[in-house]
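Asks: Here the protein sequences line up with chains A and B, keeping their order.
Residue 70 in numbering that gives the first Met the number 0 sits at position 71 of the first sequence; the count goes up by one each step and never skips.
Residue 219 in numbering that gives the first Met the number 0 sits at position 220 of the second sequence; the count goes up by one each step and never skips.
Rather than coming from a laboratory, the hints here were simulated on the basis of the structure.
As the structure is a prediction and not an experimental result, all values here were calculated from the model.
Hints may contain errors.
Label pairs and their in silico Cβ distance ranges [unchecked claim]: (1) B:G211 with A:P222: 41 to 49 angstroms; (2) A:G74 with B:G211: 17 to 25 angstroms; (3) B:L87 with A:G240: 34 to 42 angstroms; (4) A:A208 with B:H139: 25 to 33 angstroms; (5) B:E196 with A:K2: 38 to 46 angstroms; (6) A:T221 with B:D200: 24 to 32 angstroms.
No residue lacks a Cβ here, since even glycine has one placed at the ideal position from N, Cα and C.
Number of protein chains: 2
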Amino acid sequence: MIKPRLEVCLSPALLYLYDTKDAVVVIIDIFRASSTITAALDNGAECVIPVASVGECIELGKSIKNSITAGERDGKVAEGLQHGNSPLEYPKSFIEGKTLILTTTNGTRLLYMVKDAAEIIIGSFLNLDVACEYLAKCGHNVLLACASWKDRFNLEDTLFAGAVVHKLEGKFDINCDSARAAKHLFMATAGKGHLIEFLKDSSHYKRLAKFGLEHDMEYCVTPNLHPVVPVLKDKKLVKDGLSDQKA
Amino acid sequence: MIKPRLEVCLSPALLYLYDTKDAVVVIIDIFRASSTITAALDNGAECVIPVASVGECIELGKSIKNSITAGERDGKVAEGLQHGNSPLEYPKSFIEGKTLILTTTNGTRLLYMVKDAAEIIIGSFLNLDVACEYLAKCGHNVLLACASWKDRFNLEDTLFAGAVVHKLEGKFDINCDSARAAKHLFMATAGKGHLIEFLKDSSHYKRLAKFGLEHDMEYCVTPNLHPVVPVLKDKKLVKDGLSDQKA
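Pulled out of the complex, with its shape left as it was, chain A reads as follows:
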């Protein structure tokens, strides 16, 4: 039996090297778009609409009832928006039944760069196991796509990709050095249970820690707190039906 292929793309600037046609692409933006989307949907958001710009976010917010506009620039809620990009801002008591319109720098951009995939889903530590189960059953080639930081390789997205490779390696054909490196990196560091300690020496952690977001980041790397798989359908991220049934 021919296994489907699993590859890892370390930066949006390398996306053109990968064949995404008919593949399932996993968008990974651990700090923090992926994590916020996963948490909001698990906490009952109707859907999350990812948009590229603050302007678009404001416009869309006016036209959708019961919606929240959210997004940050330089660690602060962007001017004209209502909320930020922290998963902790969206508990059930606040977000249930609402539409979250979210603009982020890296994750959203990558999501719209992928043109011909069979499906786009969101991966984060918060949904690690259910995302892996979803991929194991999907029957498609898989590309784990790291949003990185302005096209620069980053550790937290790569470590998550490594965690997925580690869990799925028997089920896929893996001949991709990025996937191998991500897995070894995860096994050598985060795999030993000190993920957040390890990430304290990373560019993005240091950047966000300056805004006092240490607690946020610790939350974002906690596995399986929000076991839902966000799937892109008609430009909206919704909970996958399967994960709904499991819940």
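Keeping the supplied structure of chain A fixed, place chain B upon it in accordance with the hints.
Replies: Using the frame of chain A, we list chain B on its own:
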């Protein structure tokens, strides 16, 4: 005292993210351009001229006395050239006093992409320690630039970058996740002394092993066999004067 900056670029497609102005850029193409250039110069080649195409290689070969044209495409000596891209083809008895005109797919291309550096040198396991000494003393920012494989991240170039980061980290300011990842990867795997075993599960090793080049690759990852630093001067790679004195 402000330390100079050390960064790692994992693919030529990411080079635009880095400021190479007035930096020393280390071109890394372990399998095998970097290794062959280092070996040939240590074995007495007058210089190595890296060129982009087979045609250019042939033309230049006609105009330079006592020169050798070399390059491979798909694991074989390219049509019209005399020799291949193996460090083992260039022992002292053969290459001493000659000019090696070399065309390679990935390393040469990257070398010509770097436009404004203070200096370009060649790094390989074969010259690991002297290259690190050179960088420690250079007083410039340093970019370790992996040639990769057709822009795809590869393990062997990254592991070498990791070895350099590991050796130099106290001497440079390092705030670059690629550098951190490369170092951790090196420490976790190759750092434990089984570099070639580790690389047997890598894309490039598998590709070259199909051409029977296992022995070549083992040679290429042996540290410090050829303690010279190739430096680009007027489009020619020559031995650094310092490494000459040391020899």
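Asks: Work down the list of hints and note, for each, if the structure agrees.
Replies: These are the hints, each one checked on the structure:
For B:G211 and A:P222, the Cβ-Cβ distance of about 44 angstroms falls inside the hinted range of 41 to 49 angstroms, so the restraint holds. Judged by the Cβ atoms, the range 17 to 25 angstroms given for A:G74 and B:G211 is violated: they are separated by roughly 55 angstroms. A hinted range of 34 to 42 angstroms for the beta carbons of B:L87 and A:G240 is inconsistent with their spacing of about 59 angstroms. For the pair A:A208 and B:H139, the supplied restraint of 25 to 33 angstroms holds, since their beta-carbon distance comes to about 30 angstroms.
B:E196 and A:K2 have their C-beta atoms about 24 angstroms apart, which leaves the hinted 38 to 46 angstroms range violated. With their beta carbons about 31 angstroms apart, A:T221 and B:D200 fall inside the hinted range of 24 to 32 angstroms.
Consistency with the previously given hints fails for numbers 2, 3, 5, ordered from lowest to highest.
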